[in-house]
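Protein sequence lines correspond, in order, to chains A and B. Under this note's numbering, the first residue of the first sequence is numbered 11, with each subsequent residue one higher. Under this note's numbering, the first residue of the second sequence is numbered 641, with each subsequent residue one higher.
Misleading hints may appear alongside valid ones.
Stated by the list, open to error - On the chain A side, residues computed to face chain B include the following (Cβ under 7 Å): (1) Glu63; (2) Ser71; (3) Glu94; (4) Glu110; (5) Tyr118; (6) Glu233; (7) Val240; (8) Val249; (9) Thr251.
To be clear, the hints were calculated from the coordinates, so they are not data collected in a lab. Glycine is no exception: its CB is placed at the ideal position from the N, C-alpha and C atoms.
Spelled out, the chains give:
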Amino acid sequence: MARTAIPGRLGWQLARLVGKHTETPRAVSLRLESEDWPGHLPGQHVDVRLTAEDGYQAQRSYSIASAPAAGSLDLTVEEISDGEVSPYLTEELRSGERLELRGPIGGYFTWTEADGGPLLLVGGGSGVAPLMSMLRYRTAIDSDVPTTLLYSSRSWDEIIYREELDRLSAGPALRVIHTLTRSHPDDWDGYTRRIDATMLEDAAGEPEPGRLAYVCGPTQLVENVANNLVRLGYPTGRVKTERFGPTGAGG
Amino acid sequence: MAGNFISRGFRGRRREDPTVAGRVPPGQYLTPDFPVLSAGPTPRTPLAQWDFTVRGAVQPSRRWTWDEFRALPSETVTVDIHCVTKWSKLDTVWEGVAIDTLLDGVETDGAYVTAFCDGGYTTNLPLADLRGGKAWVAFAYGGAPLAPEHGGPARLLVPHLYFWKSAKWVRGIEITPRDRPGFWESLGYHDYGDPWREQRYQGD
Numbered sequence: 011m012a013r014t015a016i017p018g019r020l021g022w023q024l025a026r027l028v029g030k031h032t033e034t035p036r037a038v039s040l041r042l043e044s045e046d047w048p049g050h051l052p053g054q055h056v057d058v059r060l061t062a063e064d065g066y067q068a069q070r071s072y073s074i075a076s077a078p079a080a081g082s083l084d085l086t087v088e089e090i091s092d093g094e095v096s097p098y099l100t101e102e103l104r105s106g107e108r109l110e111l112r113g114p115i116g117g118y119f120t121w122t123e124a125d126g127g128p129l130l131l132v133g134g135g136s137g138v139a140p141l142m143s144m145l146r147y148r149t150a151i152d153s154d155v156p157t158t159l160l161y162s163s164r165s166w167d168e169i170i171y172r173e174e175l176d177r178l179s180a181g182p183a184l185r186v187i188h189t190l191t192r193s194h195p196d197d198w199d200g201y202t203r204r205i206d207a208t209m210l211e212d213a214a215g216e217p218e219p220g221r222l223a224y225v226c227g228p229t230q231l232v233e234n235v236a237n238n239l240v241r242l243g244y245p246t247g248r249v250k251t252e253r254f255g256p257t258g259a260g261g
Numbered sequence: 641m642a643g644n645f646i647s648r649g650f651r652g653r654r655r656e657d658p659t660v661a662g663r664v665p666p667g668q669y670l671t672p673d674f675p676v677l678s679a680g681p682t683p684r685t686p687l688a689q690w691d692f693t694v695r696g697a698v699q700p701s702r703r704w705t706w707d708e709f710r711a712l713p714s715e716t717v718t719v720d721i722h723c724v725t726k727w728s729k730l731d732t733v734w735e736g737v738a739i740d741t742l743l744d745g746v747e748t749d750g751a752y753v754t755a756f757c758d759g760g761y762t763t764n765l766p767l768a769d770l771r772g773g774k775a776w777v778a779f780a781y782g783g784a785p786l787a788p789e790h791g792g793p794a795r796l797l798v799p800h801l802y803f804w805k806s807a808k809w810v811r812g813i814e815i816t817p818r819d820r821p822g823f824w825e826s827l828g829y830h831d832y833g834d835p836w837r838e839q840r841y842q843g844d
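Using the sequences plus the hints, can you model the full thing?
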């Protein structure tokens with residue numbers, strides 16, 4: 011399954027798109043298969059490289075959303091309207107076609123059962139993708155590490171993995187808390203504001219030794235959440251962060 | 641292996657502006673923003689408790705308080721920066737103290753440096769890459785004090801290497817006889833990190 015260290019040379023490999031799943035109006039998950047894919051640690055990402063006919067190349071990083079598996083991985087891509095790479099992945103690339111990738115990359119923003127818990131996962135927008143890999147892995151290994159996901163989306167329609175999260179949270183010791191920051195259904199009785207200290211206190215619960223937090227989303231969310239978790243008593247070394255999402259000319 | 645692969649239907653954004661041609665390393669794209677990347681919470685050390693130390697294989701070791709550090713001669717530099725996560729930003733303006741200034745009169749047999757930081761981050765560089773007007777300890781960006789999320793009060797600035805080498809919240813450098821991998825260098829990232837040779841990960 012997952013390797014603990016990146017092997018000597020992280021070469022490019024060709025992966026085949028075998029399925030595309032529309033998650034939200036702006037986010038699509040791609041299922042890729044490659045015989046050379048070694049598996050990953052939940053939380054890691056890949057580099058994707060596209061090459062035009064004249065040799066021009068563009069690269070971007072995408073988090074892996076699936077549980078670790080040799081030979082296969084899912085990426086969740088948020089389309090950036092004037093982006094260079096994401097519209098190609100979400101719209102142009104067809105099932106059966108291939109793309110170049112290399113990975114897995116990143117050995118810090120990762121969680122496996124040996125890292126312990128309780129686990130607090132805080133995500134904003136498509137920053138939920140690496141956290142979803144952790145949740146899917148946790149389910150796949152029947153882990154009972156107490157886990158809370160606090161997930162900020164702009165609206166009900168923009169909650170990525172919504173139905174799967176509902177199903178997973180019916181399982182043991184997993185709580186999923188949503189907040190909808192721009193609009194919400196009339197009968198919504200959850201949070202309707204950006205993640206703040208009160209919300210984090212609710213999500214974090216009682217201080218317990220071993221607790222561990224992973225925060226992934228836009229810069230402002232990550233800054234704010236990480237600072238508040240330190241104020242709530244999380245040791246700084248137990249708050250792992252990853253900034254995620256578009257930059258002006260990015261995607 | 642996958643050397644001649646073409647992505648059907650991919651055109652890409654052209655490098656339309658000839659004035660920036662040759663300034664964007666392979667695999668990078670330009671951004672007008674200044675994305676923030678760090679592995680944990682932003683440390684906040686009061687300036688009264690801040691110091692900068694040069695230690696290790698040096699005679700003598702040195703230490704500056706914040707006021708002493710800010711009294712050193714500083715330089716304003718305009719440089720291009722390149723992050724391993726693929727963004728590059730041109731013509732960024734920094735003010736800082738040259739490492740040459742901090743190492744003036746320091747004698748050492750060590751050829752490597754570990755930069756150490758608040759929050760426990762470290763990164764390693766050859767000493768030669770910090771000397772000769774190539775590196776600074778920067779305390780201002782765009783004419784304003786360096787914001788905490790960008791590494792303030794002070795960060796290393798080594799623009800000719802990928803930007804993870806420009807350690808945020810830097811508190812000193814340790815000169816060592818041997819190369820010792822730092823934080824990201826222990827987690828699969830390249831030991832040296834030259835963006836023009838696309839040295840992102842081990843083995844590149």
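Outcome of the hint check:
no.: 1; hint: Glu63; result: holds (6 Å)
no.: 2; hint: Ser71; result: holds (6 Å)
no.: 3; hint: Glu94; result: holds (5 Å)
no.: 4; hint: Glu110; result: holds (5 Å)
no.: 5; hint: Tyr118; result: holds (5 Å)
no.: 6; hint: Glu233; result: holds (6 Å)
no.: 7; hint: Val240; result: holds (5 Å)
no.: 8; hint: Val249; result: holds (5 Å)
no.: 9; hint: Thr251; result: holds (6 Å)
Checked against the numbered hints listed earlier, the structure breaks none of them; every hint is satisfied.
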